[in-house]
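S.K.: Listed below, chain by chain, are the residues.
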Amino acid sequence: MARKYYFARIEGKTPKYYWTVGILGALVLGWLVASYIRFVEGMYLTGMSHSVPWAGCKVLFVLFVGLSAGSFILSALAAIFKQKEYKVLSRVGGYVAILFMLGALAILLTDEGRPDRVLLLFVPGNINPRSMLSLNAFIYTSYITCGILYLWAQLREKEKVATALGIVATVLAVGVHSGTGFLFSIANGREAFFTPITPIAFVVAALSSGTGIAMIILYTTFKLTKRTIDMKFFIQLRRILTGLIFFVIYLMTIEHLTHLYVPEHQEAEFYIFGGGFFTWAFWGGLIGIGGLIPIILLLNPATRDKMKWILTASALHVFGVLCERMIIVLPGQFLPQPIMPGYEIGSAFRDGVITNYLPSVAEWTQIVGVIALVALLYILGLRMLPLLPVEGKYIKE
Amino acid sequence: MGMDRRTFLKLGGALALGSLITPGSQLLLASQENKTGNESKTRWAMVVDLDKCSGCNKECEEICRDENNVPHYGNERYDAYWLRVADVKQHLPGVETRERHIPLMCQHCDNPPCVHVCPTKASFVRDDGITLIDEHRCIGCRYCVIACPYRARSLIFRKSDKWTNEEVPKMMIGVVTKCSFCAHRVDKGQDPACVEKCPYNGLIFGNMNDPNSEVAKIIATKNTKILRPEKHLGPKVFYKGL
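So the sequence lines, in the order shown, correspond to chains A and B. According to our numbering, the residues represented by the first sequence are 186 to 582, in order. According to our numbering, the residues represented by the second sequence are 15 to 256, in order.
Each hint should be verified, as a subset may be incorrect.
[Stated by the list, open to error] Think about it this way: if two alpha-carbon atoms lie no more than 25 Å apart in a straight line, the pair counts; the simulated DSS-like pairs of lysine-lysine are:
| id | chain 1 | residue 1 | chain 2 | residue 2 |
| --- | --- | --- | --- | --- |
| 1 | B | K211 | B | K184 |
| 2 | A | K269 | A | K411 |
| 3 | B | K24 | A | K345 |
| 4 | B | K231 | B | K55 |
| 5 | A | K493 | A | K411 |
| 6 | A | K267 | B | K24 |
Just so you know, the hints here were simulated from the structure itself, not pulled from any lab data. Remember, predicted model here, so these are calculated numbers, not experimental data.
Can you build the whole structure from these sequences, using the hints too?
M.R.: Structure follows, in structure tokens:
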């Protein structure tokens with residue numbers, strides 16, 4: 186017996202909808218203006234320095250790349266593994282995945298010193314197979330292209346094409362995350378970055394945070410558009426999420442233990458764990474708020490079946506992964522590079538100094554603007570494309 | 015032939031994968047072979063004689079700025095440096111601690127991580143071993159700043175009108191810049207500006223592949239050290255008396 190879902194656009198004619206579009210549009214405009222001023226005036230408007238050349242925008246970038254995959258995998262579950270009940274999520278999940286990746290590329294592009302020259306990445310003579318960033322440019326664009334084709338196949342109900350594209354895009358999604366992890370893990374110059382586990386940790390944290398954010402987005406959307414959704418999905422997703430959170434904590438433990446045992450890397454570890462912001466981000470943010478509390482909420486019989494608590498756990502875990510991303514991107518740069526080990530070194534170029542970084546107004550505007558961009562495209566898409574099921578339940582034919 | 019569909023698909027898949035991997039690995043190998051220098055006749059290198067460097071007023075920093083139009087905004091956070099003089103101290107038991115001065119610049123590695131990570135090949139190694147940046151190709155991604163183990167690279171954070179030497183172009187905003195061994199002077203047969211103008215003659219420049227050059231002779235005495243040898247980068251700035 187064939188089961189069929191019917192999908193529809195949302196009306197989107199309420200004042201609330203227009204207000205939301207207006208506010209998000211203003212924030213997106215802010216992003217464009219901030220990026221333009223930053224491009225013309227120069228990057229001194231950011232909080233970055235020569236010691237910390239990758240900062241807030243890159244943290245958002247890696248977080249968004251991660252969120253994209255989780256949503257995509259959720260969407261592809263129906264297509265690839267023939268999990269019929271996930272079909273409800275297939276369209277909206279795929280759409281969210283594309284948007285997060287677009288958001289990631291938007292912040293990456295406007296974080297460059299010369300965004301006007303970004304097409305140089307695709308000139309054949311410029312492609313550098315030893316550079317992860319050069320390869321990533323192709324992996325990211327093929328992932329987005331594949332995702333868009335996949336969504337198209339979903340919208341046209343081309344099951345077989347969707348399955349094939351879903352498999353390709355899932356493989357690409359793993360490539361996207363490993364590639365993003367490799368950006369850091371092969372950086373020779375920074376001690377704290379070098380670890381082969383980062384690409385794996387990226388994939389796992391991407392899946393867990395992506396599952397979390399997808400649950401939040403789906404539930405909120407269904408609730409606000411007055412649709413019903415079967416609790417069964419969330420129960421299953423909750424189990425997946427619990428496993429993934431354990432895996433994230435496990436990988437983090439391995440990574441930091443490895444570094445702690447090696448004298449060469451100990452300085453970086455002592456910096457992260459020796460008190461201060463990153464100690465809080467690790468123990469409080471990643472392990473506490475992002476790990477243990479969600480696990481307790483998801484395993485405790487009193488809370489685990491309540492939507493409210495599942496969503497809380499998801500949100501907390503996404504915050505935890507944000508902290509993890511910060512710990513990957515920032516402390517490795519704050520720590521001075523040991524240009525002359527065994528010597529005390531100082532210069533006007535801040536050699537041997539633990540640097541600091543605070544995002545400037547321009548960067549905050551960019552970060553908030555890109556988040557708004559994703560949200561704006563999402564609610565516009567809901568109105569323009571038939572993404573949501575007419576009812577959360579399927580109709581038997 | 016008794017080959018069922020499954021076997022056929024498996025074989026086909028393996029072939030397809032293999033054909034994908036082979037050109038990829040060859041590309042990688044080709045880029046490995048590109049690391050120039052060793053076979054080329056000229057390989058520019060610098061010897062820094064730290065016994066002669068008194069730290070003076072860090073004059074070489076200024077000389078370098080004026081020669082290469084390196085901007086100085088007066089803000090420690092984003093001032094660009096091609097060459098900087100660092101003050102170093104080594105604390106050893108029983109030895110009186112003495113402050114020394116060490117000029118740090120791009121080490122022009124044989125195996126430069128910055129060139130490896132550059133997504134547009136804007137950073138490249140010239141045949142004579144000098145690592146350069148094509149500032150028209152740089153997209154300002156700053157990956158090379160992350161990758162450089164010597165902190166030799168600076169980003170131009172702000173518009174600069176400094177144009178003290180018209181032979182060298184003005185700095186372009188938003189791109190990464192670093193010491194070029196004064197390639198424009200080297201190509202005319204001159205020494206880099208810092209070498210020529212150091213009041214104590216603490217810097218020596220030359221072709222290390224030419225056994226008669228001064229640098230090759232000093233390096234041959236094995237009294238020189240390179241920075242961060244554990245990285246296996248093959249830097250071409252040698253420090254004497256470290």
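S.K.: Are the hints correct? Go through all of them and say.
M.R.: Hint check results:
1. K211/B x K184/B: Cα-Cα ~22 Å, so holds.
2. K269/A x K411/A: Distance of about 22 Å is within 25 Å: holds.
3. K24/B x K345/A: At roughly 20 Å apart (the allowed maximum being 25 Å), K345/A and K24/B satisfy the hint.
4. K231/B x K55/B: Since the Cα atoms of K231/B and K55/B sit roughly 17 Å apart, the hinted pair holds (cutoff 25 Å).
5. K493/A x K411/A: 17 Å, holds
6. K267/A x K24/B: Roughly 22 Å between the alpha carbons, so the hint for K267/A and K24/B holds.
Comparing the model with each numbered hint stated earlier shows that all of them hold.
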